[in-house]
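S.K.: Chain order of the listed sequences is A and B.
Start counting the first sequence at 113; every next residue gets the next number (our numbering).
Start counting the second sequence at 494; every next residue gets the next number (our numbering).
It is possible that part of the hints are untrue.
Only part of the chain B face toward chain A is listed, based on derived beta-carbon distances under 8 angstroms [said to hold, decoys possible]:
| id | residue |
| --- | --- |
| 1 | Y541 |
| 2 | D588 |
| 3 | F597 |
Footprint (simulated), chain A over chain B, 3 or more residues, beta carbon under 8 angstroms [what the hints assert, rightly or not]:
| id | segment |
| --- | --- |
| 4 | 526–534 |
| 5 | 560–568 |
If you are wondering where the hints come from, they were derived from the structure by calculation, not from laboratory data.
These figures come from a predicted structure and were not determined experimentally.
From the three backbone atoms N, C-alpha and C, an ideal C-beta is built for every residue, glycine too.
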Amino acid sequence: AQSVTQLGSHVSVSEGALVLLRCNYSSSVPPYLFWYVQYPNQGLQLLLKYTSAATLVKGINGFEAEFKKSETSFHLTKPSAHMSDAAEYFCAVGERGSTLGRLYFGRGTQLTVWP
Amino acid sequence: NAGVTQTPKFQVLKTGQSMTLQCAQDMNHNSMYWYRQDPGMGLRLIYYSASEGTTDKGEVPNGYNVSRLNKREFSLRLESAAPSQTSVYFCASSDPGTSYGYTFGSGTRLTVV
Chain A
113 AQSVTQLGSH VSVSEGALVL LRCNYSSSVP PYLFWYVQYP NQGLQLLLKY TSAATLVKGI
173 NGFEAEFKKS ETSFHLTKPS AHMSDAAEYF CAVGERGSTL GRLYFGRGTQ LTVWP
Chain B
494 NAGVTQTPKF QVLKTGQSMT LQCAQDMNHN SMYWYRQDPG MGLRLIYYSA SEGTTDKGEV
554 PNGYNVSRLN KREFSLRLES AAPSQTSVYF CASSDPGTSY GYTFGSGTRL TVV
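Start from the sequences and build out the full structure, keeping to the hints where you can.
M.R.: Below, the structure written as structure tokens:
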């Protein structure tokens, strides 16, 4: 089974500061990779996904993530945090070639943005 | 709008009561899932269904049953609710043949007292 580790269950940044949320995966074959965001009292929505050769993926709301095979990482970044970015973020992986399409999730990182 | 619809959004049960959480998707997806979300535990898979008529256990199936009624609907049943089942439940669907990744419902917040 796939394994996902999100380093840091809580991250706090000031408004305007760089956001960096870390995600590492365990897989012998480069998987599909995802970041989902969950705003308070809402469901999860897709932020971005890596499924092809382009290793730098741009998502919604100014977020981007870079797939680094050598580091088995898929860290999420945003150059300048906004108060509206406060949410929980989940990294997920899926197996290439799977007919089910199941995703394996990290435990989540709660992002707090201070004014 | 196309998506995944869950009902109800909120529910309070007494210990020992039963209930069914409903989930329906209108994206013609083959795969459907039920997760529970607890603080600090992330998302844990309860049951999943790869296609109409098939279901399989996930990581935490005890105390739950599911039915894949047709391609659209996937229900989760608690036969005898326990306080440990207090959680937020999410249904999701996917179809890796067309677009990899999940579409989630908005969740059901369940409290068992």
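S.K.: So which hints don't hold here, by number, going up?
M.R.: Result: hint 5 breaks, nothing else.
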